[in-house]
Amino acid sequence: MKDLSKVNNPYGDDKVISQCSIFGMMNTTGEVFSGKEIITAIRNMHERGNGLGGGFAIYGCYPDYPDDYCLQVMFDTRANREETEIYLKRFFHIQHSEEIPTCPTEVIKNPPDVYRYFVQPKVEELHEIISDDDIVIRRVMKINTTLDGAYVFSSGKNMGVFKGVGFPEEIADYFCLEQYDGYIWTAHGRFPTNTQGWWGGAHPFSLLDWTVVHNGEISSYGANRRFLEMYGYICTMHTDTEVVAYAIDLLARKHGLPVDTVMDIFSPPVWEQIDRMDPDDRKYFEVLRSTYGPLLLNGPFAVIIAHHGEMVAHTDRIRLRPMVAGIKGDMVYASSEESAIRLVSKDLEKVWIPVGGHPVIARLKELAKDDVVEGGRELLKAEGMEV
Amino acid sequence: MNTAQAKKANPRKGLSPRQWIKIDASGMYYKDLNRQIRGLAEQGARKFDLQNVYGQRYIGTNLWATERDKIRIRVHGTPGSDMGAFMDGPEIEVYGNAQDATGNTMNCGKIVIHGSAGDVLGYGMRGGEIYIRGNVGYRVGIHMKEYDDKIPTIVVGGTVQDFFGEYMAGGRIIVLNKFFEGNPPVRQSYFIGTGMHGGNIYFRGDVNIEQIGAEVNVIEPTDAEWKIIERYVHNYCKAFDLGERKVKLLKREKFWRLYPKSTRPYGMLYAY
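Just so you know, the protein sequences line up as chains A and B, in that order.
Going by our numbering, the first residue of the first sequence is number 131, and it counts up by one from there.
Going by our numbering, the first residue of the second sequence is number 88, and it counts up by one from there.
Just so you know, these hints were derived from the structure itself, not from any lab.
Certain hints may be false.
In silico lysine-lysine, DSSO-like type, Cα no more than 30 angstroms apart, as pairs [unchecked claim]:
hint : chain 1 : residue 1 : chain 2 : residue 2
1    : A       : K476      : A       : K458
2    : B       : K265      : A       : K476
3    : B       : K335      : B       : K314
4    : B       : K325      : A       : K480
5    : B       : K134      : B       : K157
6    : B       : K265      : A       : K480
7    : B       : K335      : B       : K325
8    : A       : K239      : B       : K118
9    : A       : K166      : B       : K118
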């Protein structure tokens, strides 16, 4: 494993009380918009973070390279970068590469170099049939675990993750995010509790085009991690949230489960409730819990998960971390605090607090009949709390 | 009106306690907003009208008020979490929704919310009253307590969610379950009153045994308790201009009183 001693924590404290802020917004017609509003919204929740991590995920931001995997990679030193580039050239056709433009400011201390590479995997002479996605995952895992001073922030097509140590609004300034356009944006302000505040440990966590921003603590990290390692996912970022990104890739992409089923695996009802269900529903949850028990996420959490076409706001089953959702026209919002949504969207048509463990799912209209699932499972006759 | 203007308006006597002072909270950091309110109150102001509130926390904290000398705060917008935390006397009226942890450990005073409120409202509340027109989130009224004549009271017009009144040690909560909205369907909440060892919940509508904690008994309210319920529903109607005639339509037989079986449910937990 790599040396993580280069930890960029200007305060030197290692444990503080937890909050974190998360925010997500999506245009369900796929129309892109700038980062101005999400930066305003996440700045409004400044108090929830402590400056030890901030980050953004943007979908639809690289329309010039829509079919290439965009690897956004952080390097500690120039030598680390050169070594990694040799590795990348060996396994990928690099269509285009550049240093990610930054606007250095005083508040961002000791930033690493962050580069992006638009790549296509080289056809490998393998004794197995493997998809491009899986080749990319394999290489990302390899870079993260074996190459010194190199960490892949994101590896999806036409999307990118921008993150670092600082308040999210400072990270947005640093990466000039007002200049980007996307149809889904998610953001995170960090208040690290159990692990150090370092650049790679900031949210979003990402694999391919999956991204996760998370408020809370995944107490089941150890069990989840062991299960995922059996499938070749190696946790390298020293933060619990990482398992969510890998778990959703395994369940949704590799095992082909719909996102709402994945959320039922993450936050199933307690057995007592399952026992009271009618036979079909009981069977459904019994099967999920016995097959994927080790991927149950325990502990307090609220997450916003995104990939192309979908944004999912989800909490643990007893909602130990806050989540508010809102709708205005084609825009769907999810946030830790209602005030942040209202600040950027004055005349919301609907604001509600989803029931714990019931995801709010926003989808591209062209892909789905229901472009918004409002956080209630039909089978439980659940009703989101209208506010 | 800022402090300097206020002084100019009434330079000798300080500020008038009768005049509503408007404060535009747009873009204000919560500490600055609360400091400004405190400063104006020290100069004699008693009525504050806060405009464009977006998430500023701890509104109503660190102020004082007595029966004769009330501080009143109107909030337009969405106040931040911990509104009225440790509050000791003032009255807050919110024209919108409140976020999480409203009335946290509140000691005295009144909060009226015209919308809904988030999770953990009234946590550890020790006195005062909170009226919510709409719904409340998870873990509302947990660990409320009472002493002598200090009995904190929460009235919820809409619905409550799971862990309602968990570890409740005193005080009372009245849940109307959308009575004034004509009883639309209500999501069942679970783990009501888990670990409860004091206080009373008056719940309108059916409660199934699987919804409540093992430490809770369910019984019909007594005559004296019904009077208390009526009084607080009356206050609720007054706070939200709902017409007092409707109180008469409330049916006593629809209410259940949830109360603890024991004042020390876990006294023997480690005894064996």
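Results of checking the hints against the structure:
The straight-line distance between the Cα atoms of K476/A and K458/A is roughly 9 angstroms, inside the 30 angstroms bound, and the hint therefore holds. A C-alpha spacing of about 27 angstroms is found between K265/B and K476/A, which places the hinted pair at or below 30 angstroms, so the restraint holds. For the hint linking K335/B to K314/B, the alpha-carbon distance of about 12 angstroms falls within 30 angstroms, and the restraint holds. A hinted pair counts as satisfied when its Cα atoms are at most 30 angstroms apart, and K325/B with K480/A qualifies at roughly 27 angstroms.
The hinted pair formed by K134/B and K157/B meets the criterion: a straight-line CA distance of about 8 angstroms does not exceed 30 angstroms. For the given pair, K265/B sits about 19 angstroms from K480/A by alpha-carbon distance, which is consistent with the 30 angstroms threshold. Under the criterion of a C-alpha separation no larger than 30 angstroms, the hint pairing K335/B with K325/B is consistent with the structure, at around 14 angstroms. For the proposed pair K239/A and K118/B, the alpha carbon gap of about 27 angstroms is at most 30 angstroms, so the pair holds.
A distance of roughly 25 angstroms separates the Cα atoms of K166/A and K118/B; the hinted pair therefore holds under the 30 angstroms criterion.
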